[in-house]
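Protein chains: 2
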Amino acid sequence: MTHPRIDTLQYANWSERIFRQMREGGVDAVHVTITYHENFRETVLNIEAWNRWFERFPDLIFQGCTARDITLAQQTGRTAIFFGAQNPSCIEDDIGLVQVLHRLGLRFMQLSYNNQSLLASGCYEAEDTGLTRMGREVVTEMNRVGLVVDMSHSGERSTLEAIEHSTRPIAITHANPASWHPARRNKSDHVLRALSESGGMLGFSVYPHHLRGGSACALADFCAMIARTADLMGTTHIGLGTDLCQDQPDSVVDWMRAGRWTKGRDLGEGSAENPGFPPMPDWFQDNRDFDRIAGGLRATGMSQDEVAAIMGGNWARFFADSFEGAQPLCQEAAQ
Amino acid sequence: MTHPRIDTLQYANWSERIFRQMREGGVDAVHVTITYHENFRETVLNIEAWNRWFERFPDLIFQGCTARDITLAQQTGRTAIFFGAQNPSCIEDDIGLVQVLHRLGLRFMQLSYNNQSLLASGCYEAEDTGLTRMGREVVTEMNRVGLVVDMSHSGERSTLEAIEHSTRPIAITHANPASWHPARRNKSDHVLRALSESGGMLGFSVYPHHLRGGSACALADFCAMIARTADLMGTTHIGLGTDLCQDQPDSVVDWMRAGRWTKGRDLGEGSAENPGFPPMPDWFQDNRDFDRIAGGLRATGMSQDEVAAIMGGNWARFFADSFEGAQPLCQEAAQ
Numbered sequence: 001m002t003h004p005r006i007d008t009l010q011y012a013n014w015s016e017r018i019f020r021q022m023r024e025g026g027v028d029a030v031h032v033t034i035t036y037h038e039n040f041r042e043t044v045l046n047i048e049a050w051n052r053w054f055e056r057f058p059d060l061i062f063q064g065c066t067a068r069d070i071t072l073a074q075q076t077g078r079t080a081i082f083f084g085a086q087n088p089s090c091i092e093d094d095i096g097l098v099q100v101l102h103r104l105g106l107r108f109m110q111l112s113y114n115n116q117s118l119l120a121s122g123c124y125e126a127e128d129t130g131l132t133r134m135g136r137e138v139v140t141e142m143n144r145v146g147l148v149v150d151m152s153h154s155g156e157r158s159t160l161e162a163i164e165h166s167t168r169p170i171a172i173t174h175a176n177p178a179s180w181h182p183a184r185r186n187k188s189d190h191v192l193r194a195l196s197e198s199g200g201m202l203g204f205s206v207y208p209h210h211l212r213g214g215s216a217c218a219l220a221d222f223c224a225m226i227a228r229t230a231d232l233m234g235t236t237h238i239g240l241g242t243d244l245c246q247d248q249p250d251s252v253v254d255w256m257r258a259g260r261w262t263k264g265r266d267l268g269e270g271s272a273e274n275p276g277f278p279p280m281p282d283w284f285q286d287n288r289d290f291d292r293i294a295g296g297l298r299a300t301g302m303s304q305d306e307v308a309a310i311m312g313g314n315w316a317r318f319f320a321d322s323f324e325g326a327q328p329l330c331q332e333a334a335q
Numbered sequence: 001m002t003h004p005r006i007d008t009l010q011y012a013n014w015s016e017r018i019f020r021q022m023r024e025g026g027v028d029a030v031h032v033t034i035t036y037h038e039n040f041r042e043t044v045l046n047i048e049a050w051n052r053w054f055e056r057f058p059d060l061i062f063q064g065c066t067a068r069d070i071t072l073a074q075q076t077g078r079t080a081i082f083f084g085a086q087n088p089s090c091i092e093d094d095i096g097l098v099q100v101l102h103r104l105g106l107r108f109m110q111l112s113y114n115n116q117s118l119l120a121s122g123c124y125e126a127e128d129t130g131l132t133r134m135g136r137e138v139v140t141e142m143n144r145v146g147l148v149v150d151m152s153h154s155g156e157r158s159t160l161e162a163i164e165h166s167t168r169p170i171a172i173t174h175a176n177p178a179s180w181h182p183a184r185r186n187k188s189d190h191v192l193r194a195l196s197e198s199g200g201m202l203g204f205s206v207y208p209h210h211l212r213g214g215s216a217c218a219l220a221d222f223c224a225m226i227a228r229t230a231d232l233m234g235t236t237h238i239g240l241g242t243d244l245c246q247d248q249p250d251s252v253v254d255w256m257r258a259g260r261w262t263k264g265r266d267l268g269e270g271s272a273e274n275p276g277f278p279p280m281p282d283w284f285q286d287n288r289d290f291d292r293i294a295g296g297l298r299a300t301g302m303s304q305d306e307v308a309a310i311m312g313g314n315w316a317r318f319f320a321d322s323f324e325g326a327q328p329l330c331q332e333a334a335q
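Sequences listed follow chains F and G, in order. Per the numbering used here, the very first residue in the first sequence carries number 1; after that it's consecutive. Per the numbering used here, the very first residue in the second sequence carries number 1; after that it's consecutive.
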């Protein structure tokens, strides 16, 4: 098969149109956010909604469980959908839900989302106290079952402690280097180096608040940043995690930022002048635009193999190493 | 492999001792009740408890997903544990939970437990109005995903309508013929004939309230009843579903009977003189006693093959036909 094309973060207002765009764009696998601040039962409702998408559009999408599903997607001309949680509220205060949600298909879980969670500090807290007592236990359990620790929205100390404590490589599925654009959500070179040295992966975000120049950021600038990060982290520990929030109303970004933790409004990465979803750069509007990024990477002087690795090959290797636990998904798989 | 030994109903106070008795008794697969009146979240807590048993005793038990796990159990000297629900309260009012619970391993679900449910009437209701609107929808969904309709505690009309409406054979996992012992939980010859003619299965119960003579019922009488039922239903549509509730305190039978639906007490099959769990017959105390039943069946004049079919072969065939849905458990299984 040719190299797969993989995006490790999308949270769209899902529709047949978007699934068809995934096919047009040749996207073999997508890590989709299925839950932010939802509790377990609410998260299961979201899984039920996905089950209905899978039932309605079996020719376009299917649920991804293991890295072998990337190959299956390529062979059958469909997109494998891998579930992720941006906040650990879906496991409530119950470590047993880690295995239950993994069984239901969860493959990534952030330990915190901007705020302090039961597990770790978020990148918007004034103080980052690192992994909590429960956080250490949950990381160990996530390692056991094959649920990837994602620190995209966590604070620096929590992220370094997760890298240290986790026995399997972790991911920052959607963020950029702070040295390029010093947003709170972007990551220091210190974190990025520790991430790649431990075998972890960074997915580059196209969300305008993570881009130098915001929505006006040029493709060449974005790709030059990737090339520089490749010098820092190596070409095998980077991929794409676009953070595409296609077709969402602004009420959704309000929910992402404020959940139920405040009666007020939290603008997060936004501002009073720009409180809603920012417009995506003109060179990345939807799933049909991945060729542009591939072209932009080639234009930086990267080899075809390096570009293929960044466009999905590296994530495919990481998926293969990450999603299967000490116990097989089904017993029969052990035969 | 030799013929498997399968029991389609146990609800014990689980312990390492009981799992070891399963091994001593050569029991390859057990359908265990994981939930009665629990809602979805409470049922998931029970699954979490089972996950801990599986993690603690991987050399004795593992979770069964498909009929192939019966063979795996035989090959590895362990017991495959298949989950079942005695009441549909675990799906609440949400048909989407059928697929979710199937993914978590649920393989049997009763449409009602003694009382009226959202889906069907129970065998203790004064009137049986058959499958409800939701009941018909849920049976169709259970057929689609591979979750077996179990009518052990349902009323006669509901059971006949479930047989009629279901496109896949259904099961009565634990009951006996009412013609032998006219308990409300036992089934009429009319139901048993409709069950076998539609390809369904009956599991004979050893629970004393289902036995002629109760706890004093003789093994020879029990086995003669099985032989007569074989004449009615054929030897290929019957098996064992002992209803073994080993080591349970009487508070558990109170929960089974009264759940949260009454502030009073409901004695169910019991009586004021005998309100708790009745003592099991001396010839079936625990999982080590299946040889006695096999011997008793041989003594009725059945062939070795017929006895093997009743001791597990028939259930193995039914499991193979029943647990896989229109969509595979994991996509990769479709490859």
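No lab work stands behind these hints, which were simulated from the structure alone. Where is the CB? At the ideal position from N, CA and C, for every residue including glycine. Keep in mind that a hint or two might mislead.
Counterexamples of contact, computed for chain F against chain G with all Cβ distances above 12 Å [to be verified]:
no., residue
1, SER15
2, ARG17
3, ASN39
4, GLU156
5, TRP180
According to the in silico footprint, chain F covers these stretches of chain G (three or more CB under 8 Å from chain F) [stated by the list, open to error]:
no., segment
6, 42-48
7, 88-99
Hints and how they fare:
Every C-beta of chain G lies more than 12 Å from that of SER15 (chain F), the closest at about 19 Å, which supports listing it as non-interface. Look at ARG17 (chain F): its CB is around 23 Å from the nearest CB on chain G, clear of 12 Å, so calling it non-interface holds up. Chain G draws ASN39 (chain F) into its interface by the beta-carbon criterion, the shortest separation being 9 Å against a cut-off of 12 Å. No Cβ of chain G comes within 12 Å of the Cβ of GLU156 (chain F); the nearest lies about 33 Å off, and the non-interface call holds.
The claim that TRP180 (chain F) is not at the interface with chain G holds, since no C-beta of that chain comes within 12 Å of its own (minimum 38 Å). As drawn, the segment 42-48 of chain G meets chain F at 4 residues by the rule of a beta-carbon pair under 8 Å; at three or more, the given contact holds. For a cut-off of 8 Å, the count of residues in the segment 88-99 of chain G with a CB near a CB of chain F stands at 4, and the three-residue condition holds.
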